[in-house]
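Asker: Please arrange chain Z on chain W, whose structure you already have, making use of the hints.
Note that the protein sequences, when read in sequence, are chains W and Z.
Taking the working numbering, I'd label the letters of the first sequence as residues 3 to 225.
Taking the working numbering, I'd label the letters of the second sequence as residues 8 to 344.
Think of the hints as simulated: they come from the structure by calculation, not from any bench.
Fair warning: this is a prediction, and the values are worked out from it, not measured in the lab.
All clues stand as given, with none of them false.
Listed next, the in silico DSBU-like pairs over lysine-lysine satisfying Cα-Cα at most 35 Å (straight line):
| # | chain 1 | residue 1 | chain 2 | residue 2 |
| --- | --- | --- | --- | --- |
| 1 | Z | K195 | W | K125 |
| 2 | Z | K263 | Z | K209 |
| 3 | Z | K140 | W | K143 |
| 4 | W | K51 | Z | K118 |
| 5 | Z | K21 | W | K125 |
| 6 | W | K125 | Z | K118 |
| 7 | W | K51 | Z | K225 |
| 8 | Z | K104 | W | K51 |
| 9 | W | K61 | Z | K83 |
| 10 | W | K51 | Z | K19 |
| 11 | W | K125 | Z | K191 |
| 12 | Z | K245 | Z | K274 |
| 13 | W | K224 | Z | K191 |
| 14 | Z | K184 | W | K224 |
| 15 | Z | K80 | W | K125 |
| 16 | W | K125 | Z | K26 |
| 17 | W | K220 | Z | K104 |
| 18 | W | K51 | Z | K80 |
| 19 | Z | K104 | W | K143 |
| 20 | Z | K274 | Z | K225 |
| 21 | W | K220 | Z | K125 |
| 22 | Z | K83 | W | K143 |
Which bits of chain Z does chain W cover? Going by a derived footprint, with three or more residues having C-beta under 8 Å, they are:
| # | stretch |
| --- | --- |
| 23 | 81-88 |
| 24 | 102-109 |
| 25 | 115-126 |
Glycine is no exception: its CB is placed at the ideal position from the N, C-alpha and C atoms.
Here are the chains, one letter per residue:
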Amino acid sequence: MGFDFNHLIELIPDINQAFFETMYMIAISLVVAIVIGLPIGILLYVTDKGLFLENRWVKNTAGFVVNMVRSVPFIILLVALIPLTEFLVHTTIGPAAASVSLSVAAIPFFARIVESAFREIDKGVIEAAIAAGATPWMLIKDVLLLEARSGIVSGITLTLISLVGFSAMAGVVGGGGIGDLAIRFGYYRYDNTIMIATVVILIVIVQLIQIFGDLITKVVDKR
Amino acid sequence: MIKIHNLSKIYKTKSGSVKGVDDVSLTVHEGEIYGIVGYSGAGKSSLLRCINLLERPTSGTITVDGIDLTSLKGEKLRLARLRIGMIFQHFYLISQKTVYENIAFSLKAAKTPANLIKARVEELLEMVGLTDKRDVYPAQLSGGQKQRVGIARALTNNPTVLLCDEATSALDPTTTKSILDLLKRINKELNITIVLITHEMKVVKEICNRMAIMQEGKVIEEGTVYDTFADPQTELTKEFIKSVVSFELPDAILNKCQGTIVKVMFKGDVAGEGIVSDMLKQFEVKGNFLHGSIEYIQEAPLGIFVMELMGESEETNKALQFIENRSAQVEVLRDGV
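For reference, chain W alone in the conformation it holds in the complex (with noise of 0.2 Å):
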């Protein structure tokens, strides 16, 4: 069976569909780990040997438990957080349920992403700014979070981009979406025009998604 143009007329209405689902869960995912990871990656910066708030076991132990997360498989993660997605949202299926384990994936993702962010910082300019007796508050709002703009910006992009190919995964849950469309029909039924039409879909996205952030990125940079 190939590509077959009336079938994909057909389906216009599923795949608009699971096109919204996928941005619903990028979304939210993307909030999240915005919101909790931004703080975090901060945190793992600032407490960090010979920085202003060095703190050793702090560090080690935010360290630790972004590692735990990082090293579990998503599609093991999915799976393992169902009582927490059953606690939060009261349901196991649909792109809301997919958004808990995605967002849990991505926080400390984007976490390391604004570390590293932070380190292409020159430490002289934070040390400058510390003998003009700048306070902690100051030195992670004006210094870090102004000087690692870009490179935030670029996180940015690069944790929506592994958030579509994730948000795909949650399909094999029932999660919805894009990946939930290409799973449902591509291959348990072996219907080579959604599995196309979805591909295509995830590539412009992708694609979409690279170009935006890599002109945002550079507008805000100042250098």
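Answerer: Frame of chain W, contents of chain Z only:
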């Protein structure tokens, strides 16, 4: 103003501990420009960074303005730092903030009311001559301009002390000159005590009142810049001075000379050339200038001449005695052939 007492900074490395600063005691007086000179790795940078506790000394105390900084921590230390400005070789401006915002940053650190920030930033911009660069990002500035922003940022909270970490080492000679002039002006007009570290003796000669030479974490020589130039005590100091004032004679010239070669040094207002001409008149010697110059250190002249004296050895000695009596220093570099 700044009292450094028995300061040591030990760095722990895998192969053991390294003494970055080794039992240094120094006093910098109010209104002075104090230079610390040494090769890289001599410990001068560590010493400077200990003054505002960017590095916490392993032992010893630092007192600035009567406050023992080594006893302070956290918020108290932060407030004390507001009164100590610092500028850096690589400027270290916040690249994502405009010139205006970079300067305003220090004012915010001092919790300056928002309505006073604008006037103060503009006043500082005018002082460093960058009014037209107000809304420009550091990437669009030249090295000299960046350092001016650094200076403005360091001066925002009316510090009593300005620390300069190789502030001109990344700049070309013309820019260096203009930054040094600015530092001199700040020192005079605002009465800010300046401590600078450098490996360029020229900088010290240009603006410092007193200086210290560091080697392997220790201060090996200290004194006024004038006295150090006139009468260096250690080999290292002599080496540094040679980099700006050199009286080396080419071998070809030395080999041609028959007479006694002497180096004569006139300090302060002693009119050097007058004494030499008197000597040549009074004694049966002929003189030949081989080398010489008058250096102005802190506006005081220091004349150094290398001469060949030709005559009977007895007359030559008398002539040298005559010069010494007229408060000049004589050093025989080579006896007559």
